[in-house]
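Q: Numbering (numbering that gives the first Met the number 0), first residue to last: 0 to 173.
Don't read these hints as lab results, they were simulated from the structure. Keep in mind that a hint or two might mislead.
[Unchecked claim] Calculated pairs, BS3-like style, for lysine-lysine (alpha carbon to alpha carbon, straight line, at most 25 Å):
hint: 1; residue 1: K147; residue 2: K22
hint: 2; residue 1: K22; residue 2: K73
hint: 3; residue 1: K22; residue 2: K71
hint: 4; residue 1: K73; residue 2: K28
hint: 5; residue 1: K28; residue 2: K51
hint: 6; residue 1: K147; residue 2: K51
hint: 7; residue 1: K71; residue 2: K28
Small disclaimer: the values here were computed from a predicted structure and weren't measured.
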Amino acid sequence: MLGLARKKQNLMLGLDVSSTTVKLLELGKQGNRLRVEAYSVMPLPPNAVVEKNINDPEGVADSVRQIVAQSKTKVQNVAVAVAGSAVITKMITMEAGLTDDQLEAQILAEADQYIPYPLDEVAIDFEVQGISADDETTVDVLLAACRKENVDLRVDALELADLVPTVVDVEAYD
Numbered sequence: 000m001l002g003l004a005r006k007k008q009n010l011m012l013g014l015d016v017s018s019t020t021v022k023l024l025e026l027g028k029q030g031n032r033l034r035v036e037a038y039s040v041m042p043l044p045p046n047a048v049v050e051k052n053i054n055d056p057e058g059v060a061d062s063v064r065q066i067v068a069q070s071k072t073k074v075q076n077v078a079v080a081v082a083g084s085a086v087i088t089k090m091i092t093m094e095a096g097l098t099d100d101q102l103e104a105q106i107l108a109e110a111d112q113y114i115p116y117p118l119d120e121v122a123i124d125f126e127v128q129g130i131s132a133d134d135e136t137t138v139d140v141l142l143a144a145c146r147k148e149n150v151d152l153r154v155d156a157l158e159l160a161d162l163v164p165t166v167v168d169v170e171a172y173d
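When you get a sec, could you build the whole thing from the sequences and use the hints?
A: Okay, structure coming up:
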């Protein structure tokens with residue numbers, strides 16, 4: 000029975016929701032290489048997304064359902080991004096040697112200094128970038144925050160399309 004019991008891979012679709020289209024990409028592994036398993040583009044209903052903000056989650060969900068059916072993928076876990084223009088990013092300096100939990104607690108305690116919105120309306124994440132060039136006792140931390148509404152609308156549209164939003168990230172900067 001060698002070769003029959005394979006370790007199940009964590010598969011995920013990438014969805015790009017723009018103002019006029021939704022694009023789907025599914026990657027698979029072939030040996031050490033990635034390969035495109037599925038790629039598809041589907042138009043969105045007029046004004047479903049305006050200036051990268053979802054106005055019509057049901058309309059977006061309909062297009063997502065169609066693109067998933069068109070691609071014939073069976074994958075339901077999805078990664079999607081919030082537009083970079085809707086995200087506040089700030090490089091901050093923190094004490095080196097703190098655990099992720101300690102960093103998170105300190106960032107949340109100080110977040111109102113960096114974010115111009117009420118903290119209960121904001122989704123916050125951070126990533127340690129490394130030791131600070133100016134002071135080796137500190138680390139540079141990239142702080143990213145956006146209104147929860149921007150995340151929730153994407154999650155709602157994906158869930159309406161019977162998908163599982165697994166990753167919500169920041170769109171790449173131009």
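Q: So which of those numbered hints doesn't the model satisfy?
A: Violated hint: only 5; rest satisfied.
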